[in-house]
Amino acid sequence: KQEVTQIPAALSVPEGENLVLNCSFTDSAIYNLQWFRQDPGKGLTSLLLIQSSQREQTSGRLNASLDKSSGRSTLYIAASQPGDSATYLCAVSSYSSASKIIFGSGTRLSIRP
Amino acid sequence: GAGVSQSPSNKVTEKGKDVELRCDPISGHTALYWYRQRLGQGLEFLIYFQGNSAPDKSGLPSDRFSAERTGESVSTLTIQRTQQEDSAVYLCASSLSYGTALGCTFGSGTRLTVV
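These protein sequences, in sequence, are chains A and B. Under my numbering, the residue at position 62 of the first sequence is numbered 62, and the numbers go up by one with no gaps. Just add 1000 to the spot in the second sequence (first one is 1) and you have my numbering.
For the record, the hints were derived by calculation from the structure and aren't laboratory data. Zero decoy hints are in this set.
Ranges between beta-carbon positions, derived for each pair:
(1) A:SER53 <-> B:THR1078: 38 to 44 Å
(2) A:ARG72 <-> B:SER1097: 25 to 31 Å
(3) A:SER110 <-> B:ALA1054: 42 to 48 Å
By construction, the Cβ of each residue, glycine as well, lies at the ideal position given by its N, Cα and C atoms.
Let's have the full structure, built from the sequences with the hints guiding it.
Next comes the structure, spelled out in structure tokens:
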């Protein structure tokens, strides 16, 4: 059974810092791993999708890496801005979870001006 | 359409009433998911549709919850005899297919408040 864990649960950093959010999963037989952003009271916005055969994806100041063998993914945010404040969710689709996309509980990020 | 559309965006209902939530997936997406998110909580899987296959209903919390989807079109989630614990944001997502290397796209959700 696939389980997804995100550490830390909350993070507060000053503006301009680079930061890393962590996601771990128990079953490495995955189809893909997706990072989402959720603003308070809003739906989910897809940030980056890493397919099973890929090691990383980049979009602007965001870089996501995937290491299937260790069951880990990281989301790197460069030069953080107050507008980056949101909850970041990691989600995995895998053989063992059948039709369910399994979500981590998220990291609540706050960027201080 | 260009994205996943959910309606209504907000719904306030009295305890005991039935409600129907609608999800219009991206055209051509065969897979459709419903999730529930209570305030301050993570996403709970409710139900999954894949084309004309039997849906995976394993996440529905009680028999008051049901969902339908005809083919690859609109899906409706119905909650009968609503209770206060049903208050949450109900999120719908679609993808081209499960079991591929493709990700999913979420709608903006329906915020349900049972008073």
